[in-house]
Amino acid sequence: MIPAIRGSRWSLALLAVFAVAGLARAATVEEIALMNRADRQKILVEGARKEGKVTWYTTLIVDQVVRPVKDAFEKEYPFIQVEFFRGNTERIVQRMIAEYQAKRYEADLIDGTVSPTMVRRAGLLQRFNSPMFADYPAELKDAQGFWGATNLYFFATGYNTRMVKANEVPKTYEDLLNPRWKGQMMWSTSRGSGAPMFVGTILGTMGNEAGKAYLQKLKLQNVAKTSASNRQVLDLTIAGEYPLALQIFNHHAYISKAVGAPVEWIAHEPATATINNIGLGKFASHPHAAMLLVDFILSEKGQRVYQQSNYLPAHPKVPAKQVDLKPGGGRFKRAFYINPDQQYDKGNDWAEYFENLFMK
Amino acid sequence: MASRFDVATVVMICVSVVTGYLVLPPLYSVIQTSLFTTKLTGEIDQFTLRYYEDLFRELQIIGPFLNTFYFSIGSAVFATLLGGSIAWIVVRTDSPLRGLGYFTAFASFGTPFILYTIGWLLLLGKAGPVNYWLKILFDQTTPVLNVYSMFGMVLIESLLWSPFVFLMLAAAFRSMDPSLEEASAACGARMWQTMRRISLRLMLPAFFSVMLLIFIRTFESFEIPALVGLPGDIRVLTTSIYLDAQKLPPRYGSAGAFSVLLMVVVAATLYFYFRLTREGDRYQTVTGKGYRPTLINLGRWRYLAGAALLVYSFVLLVLPFLIILWASVLPYYMQPSLEGLGKLTIKNYVTALHFPKITDAIKNSVLLGLGSASFVMVLTLLASWLLVRTKIRGRWLLDLMTTLPLLFPGIVMGLAILRFYLFVPIPVYGTLWILLIAFVTRYIPYGIRYTHSGLLQLHKELEEASYVSGASWFSSMRRIILPLMTPSFLGGWIFIFLLSAKELSMSVLLVSPQTPVVSVAIFELWENAQVGELAAFGVIWTAILVTVAIIYYAFARRYGIQQN
Chain A
1 MIPAIRGSRW SLALLAVFAV AGLARAATVE EIALMNRADR QKILVEGARK EGKVTWYTTL
61 IVDQVVRPVK DAFEKEYPFI QVEFFRGNTE RIVQRMIAEY QAKRYEADLI DGTVSPTMVR
121 RAGLLQRFNS PMFADYPAEL KDAQGFWGAT NLYFFATGYN TRMVKANEVP KTYEDLLNPR
181 WKGQMMWSTS RGSGAPMFVG TILGTMGNEA GKAYLQKLKL QNVAKTSASN RQVLDLTIAG
241 EYPLALQIFN HHAYISKAVG APVEWIAHEP ATATINNIGL GKFASHPHAA MLLVDFILSE
301 KGQRVYQQSN YLPAHPKVPA KQVDLKPGGG RFKRAFYINP DQQYDKGNDW AEYFENLFMK
Chain B
1001 MASRFDVATV VMICVSVVTG YLVLPPLYSV IQTSLFTTKL TGEIDQFTLR YYEDLFRELQ
1061 IIGPFLNTFY FSIGSAVFAT LLGGSIAWIV VRTDSPLRGL GYFTAFASFG TPFILYTIGW
1121 LLLLGKAGPV NYWLKILFDQ TTPVLNVYSM FGMVLIESLL WSPFVFLMLA AAFRSMDPSL
1181 EEASAACGAR MWQTMRRISL RLMLPAFFSV MLLIFIRTFE SFEIPALVGL PGDIRVLTTS
1241 IYLDAQKLPP RYGSAGAFSV LLMVVVAATL YFYFRLTREG DRYQTVTGKG YRPTLINLGR
1301 WRYLAGAALL VYSFVLLVLP FLIILWASVL PYYMQPSLEG LGKLTIKNYV TALHFPKITD
1361 AIKNSVLLGL GSASFVMVLT LLASWLLVRT KIRGRWLLDL MTTLPLLFPG IVMGLAILRF
1421 YLFVPIPVYG TLWILLIAFV TRYIPYGIRY THSGLLQLHK ELEEASYVSG ASWFSSMRRI
1481 ILPLMTPSFL GGWIFIFLLS AKELSMSVLL VSPQTPVVSV AIFELWENAQ VGELAAFGVI
1541 WTAILVTVAI IYYAFARRYG IQQN
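Protein chains in written order, with our numbering: chain A, 1 to 360; chain B, 1001 to 1564.
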């Protein structure tokens, strides 16, 4: 060993004490999250074995995807139990923040299009490092490592195929201004998945001036507004209430069409895209297990579970099960990615612009 | 009487402490929310009057204010007329089919709110069956009826509230003194004269309670305005509050300021109402002389009354329910047609029954309903007894305190309760108890309206006779008041039971993975699932609720009548 201390019993004893203390001092959440060494996997597995579980606050649908991910993950790591709590964005964030403030560190991971960002702004999110980040392009991961993308949402216009003839289908944003559609369109007022995101896309892609001019013209089309979710807006279109549903998820139209509904979707280039992402709680009680779950979700294997659940995987190498739901799959080429920070920072402005222009 | 006074003091202290414990913390939060900006962490940040300034600016714009006013007054009047007429037919006349009234009230109120509204939109929408037939009838090519209008808002909102009116006024009609009406008839008054000058006047407290509650709830509601009014560009005062709440970080200040303003208005109203009913003797219809009102013989008109009941059930229940049932057996929604008949499927029911933890959710929701209905009714019965029977000074404050929760914005109240029990070392967080506490607080105002107007009708001589005969306060309560109050007590109990099954704004925050409830499951389906799956789930849930309500009602009525 170290020659200098050989022979000194006291030194040896002291060394032993330090060694034990060093082992006993658990690594902090930060150290575990940012670990970047060869035996990372081994350390995570050992730690997770002791933790035994991980709690995931999620906005995703339990039966469709959360449970399949849980099953696949637990098959890989049988000694870890995945527990989850599902709710919409604001609710899970409010809950996690309130619990953390009361020092009840129940949530390890949180996902959503904007939920991790909210937790981060409250100072309660931990940066992390995952070997899987290497596979993702810059727009699908956070530069500082606060979040990684799990799956994507693409917005499109849904239309009732019995009310809209093939040659009438509005192909571009400009086509929506056709007088034929005046009073024939509906959209949701939802900040995160409705009209405000449409406004953001238009202002972001056309530029402020041209964008605003376009929206002024769209206002004259009298698009009907509702607080219903965009899924319900699409259902009203299927029921024949409004021929066109603006800013709906393309996979919703696909699912309905698959069971025979008279509905089809068309994306206008570039289509709005939002990113469902996952982040780690700053005081996670099960950081080792949490990191293993994040690695799994971001891995190709985990992404295939999303794919098989008909979600649109974020991983560039994993296509959608229905290939054409993602850009480059044949139906549309470009997407305008609204990342979580933009959604958080500019979302209010877009929502207010929408309210002032369309709702006064 | 000295011992009675002591009992009153003890009851006053107990009731005030319990009510204060439930109501004051959220009240504090609501006021605080309205006066401070909050950080993302939910901590209060800076003092501001901005929310009040915004509110007053909004109030100056005449459009939204008038819309809100028309909407609330229209719904309150229409719901009261509708529910009141049906209650009168069911309780006071010899019309056929009277049992239908109760069933319709339970079943239509048991239907999940969102589903009920969607049912009406699909029914009255541009492409719906009503417009389809109207178009043929009037030979038009465009839709005749526009549901996305003030008319649609008032119609759907009043239909939603009419079971509440029905249950409350049915209770009041049941406790009517026949001798006053008979005296009127003996003096040669016609039936409608007796109705107008005797019966309806005696019912004043009940009418007031009903109208007040509906007016307030409608005034501050945003659901129907956002789902029905918004597509037709009808803006109400709550529209901007609703939009504010979905900003990030969520802004609940405007909701807080709005509810504080309403509280002031309601406090003033209650104060005057309290003075009005202080001479409560005028409304005492249940005396020692026997009070079972006689059934009015309608003669030939009874068939018309029976037909009215049928139409009411058909409109309130059958129509929207058929649409929901129809949606639940289709792979995707389509208008009622022969084509649809060929596609019927039970797939949605299979999906609904596989919803995660569905049996737990049903069990929890039923338990919560039973618990909150029973607790609220007992608490408010005692509170009403204090308000009506004792002369303790300042008791109108108790009336106010029991009414305030009506005005708390659900989300602000939910957050207040969440935070309170995270920091206070009472281990209810994450259990069903926290939901029970929230529900009880939320529904005290309904309990108090039912029991207050019910108790006003009981003459105090009945209670005094009991004391004179040597009965204790407790046994007088149990053997005299409670049995005589059965109609109001039952009406309130069932209403709260059904209402708590729908509660959402607090539940979404307070449920834990171990304590799922049905309303949250329905909300998840509403946000993410297709209409058919939502409908299937709703049909199952409505069936369960109605079964529980009918069993309880049959059981409790028999028990109550035997006591008499």
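None of these hints come from the bench; they were simulated from the model.
We treat Cβ as the ideally placed atom computed from N, Cα and C, and that holds for glycine.
Keep in mind that the hints are not guaranteed to be accurate.
As the list claims (entries may be wrong) - Below 20 Å or equal to it, Euclidean Cα-Cα: the simulated DMTMM-like pairs (lysine to aspartate or glutamate) are:
no.: 1; chain 1: B; residue 1: Lys1357; chain 2: A; residue 2: Asp341
no.: 2; chain 1: A; residue 1: Lys360; chain 2: B; residue 2: Glu1053
no.: 3; chain 1: A; residue 1: Lys282; chain 2: B; residue 2: Glu1058
no.: 4; chain 1: B; residue 1: Lys1357; chain 2: B; residue 2: Asp1094
no.: 5; chain 1: A; residue 1: Lys360; chain 2: A; residue 2: Asp345
no.: 6; chain 1: B; residue 1: Lys1247; chain 2: A; residue 2: Asp175
no.: 7; chain 1: A; residue 1: Lys333; chain 2: A; residue 2: Asp175
no.: 8; chain 1: B; residue 1: Lys1039; chain 2: A; residue 2: Glu139
no.: 9; chain 1: B; residue 1: Lys1247; chain 2: B; residue 2: Glu1223
no.: 10; chain 1: A; residue 1: Lys257; chain 2: B; residue 2: Glu1053
no.: 11; chain 1: A; residue 1: Lys360; chain 2: B; residue 2: Glu1058
no.: 12; chain 1: A; residue 1: Lys282; chain 2: A; residue 2: Glu106
no.: 13; chain 1: A; residue 1: Lys53; chain 2: A; residue 2: Asp71
no.: 14; chain 1: B; residue 1: Lys1357; chain 2: A; residue 2: Glu83
no.: 15; chain 1: A; residue 1: Lys103; chain 2: B; residue 2: Glu1043
no.: 16; chain 1: B; residue 1: Lys1357; chain 2: A; residue 2: Glu355
no.: 17; chain 1: A; residue 1: Lys217; chain 2: A; residue 2: Glu269
Said to hold, decoys possible - Computed beta-carbon distance windows for the label pairs:
no.: 18; chain 1: A; residue 1: Ala166; chain 2: B; residue 2: Ile1346; range: 29 to 37 Å
no.: 19; chain 1: B; residue 1: Arg1275; chain 2: A; residue 2: Met163; range: 55 to 63 Å
no.: 20; chain 1: B; residue 1: Leu1353; chain 2: A; residue 2: Met163; range: 27 to 35 Å
no.: 21; chain 1: B; residue 1: Ile1346; chain 2: A; residue 2: Met163; range: 38 to 46 Å
no.: 22; chain 1: B; residue 1: Ile1031; chain 2: A; residue 2: Val323; range: 49 to 57 Å
no.: 23; chain 1: B; residue 1: Phe1047; chain 2: A; residue 2: Gln41; range: 45 to 53 Å
no.: 24; chain 1: B; residue 1: Gln1514; chain 2: A; residue 2: Thr28; range: 24 to 32 Å
no.: 25; chain 1: B; residue 1: Leu1137; chain 2: A; residue 2: Ala166; range: 46 to 54 Å
no.: 26; chain 1: A; residue 1: Lys171; chain 2: B; residue 2: Leu1137; range: 38 to 46 Å
no.: 27; chain 1: A; residue 1: Asp63; chain 2: B; residue 2: Leu1137; range: 55 to 63 Å
no.: 28; chain 1: A; residue 1: Ala166; chain 2: B; residue 2: Asn1146; range: 24 to 32 Å
no.: 29; chain 1: A; residue 1: Gln342; chain 2: B; residue 2: Thr1345; range: 35 to 43 Å
no.: 30; chain 1: A; residue 1: Lys333; chain 2: B; residue 2: Asn1146; range: 52 to 60 Å
A quick look at each hint next to the structure:
no.	hint	verdict
1	Lys1357/B to Asp341/A	34 Å, violated
2	Lys360/A to Glu1053/B	19 Å, holds
3	Lys282/A to Glu1058/B	41 Å, violated
4	Lys1357/B to Asp1094/B	47 Å, violated
5	Lys360/A to Asp345/A	23 Å, violated
6	Lys1247/B to Asp175/A	30 Å, violated
7	Lys333/A to Asp175/A	18 Å, holds
8	Lys1039/B to Glu139/A	28 Å, violated
9	Lys1247/B to Glu1223/B	17 Å, holds
10	Lys257/A to Glu1053/B	49 Å, violated
11	Lys360/A to Glu1058/B	12 Å, holds
12	Lys282/A to Glu106/A	11 Å, holds
13	Lys53/A to Asp71/A	13 Å, holds
14	Lys1357/B to Glu83/A	14 Å, holds
15	Lys103/A to Glu1043/B	15 Å, holds
16	Lys1357/B to Glu355/A	39 Å, violated
17	Lys217/A to Glu269/A	18 Å, holds
18	Ala166/A to Ile1346/B: 29 to 37 Å	34 Å, holds
19	Arg1275/B to Met163/A: 55 to 63 Å	60 Å, holds
20	Leu1353/B to Met163/A: 27 to 35 Å	34 Å, holds
21	Ile1346/B to Met163/A: 38 to 46 Å	29 Å, violated
22	Ile1031/B to Val323/A: 49 to 57 Å	55 Å, holds
23	Phe1047/B to Gln41/A: 45 to 53 Å	52 Å, holds
24	Gln1514/B to Thr28/A: 24 to 32 Å	29 Å, holds
25	Leu1137/B to Ala166/A: 46 to 54 Å	33 Å, violated
26	Lys171/A to Leu1137/B: 38 to 46 Å	39 Å, holds
27	Asp63/A to Leu1137/B: 55 to 63 Å	44 Å, violated
28	Ala166/A to Asn1146/B: 24 to 32 Å	30 Å, holds
29	Gln342/A to Thr1345/B: 35 to 43 Å	42 Å, holds
30	Lys333/A to Asn1146/B: 52 to 60 Å	40 Å, violated
Violation of the numbered hints given earlier is confined to hints 1, 3, 4, 5, 6, 8, 10, 16, 21, 25, 27 and 30; the remaining hints are satisfied by the structure.
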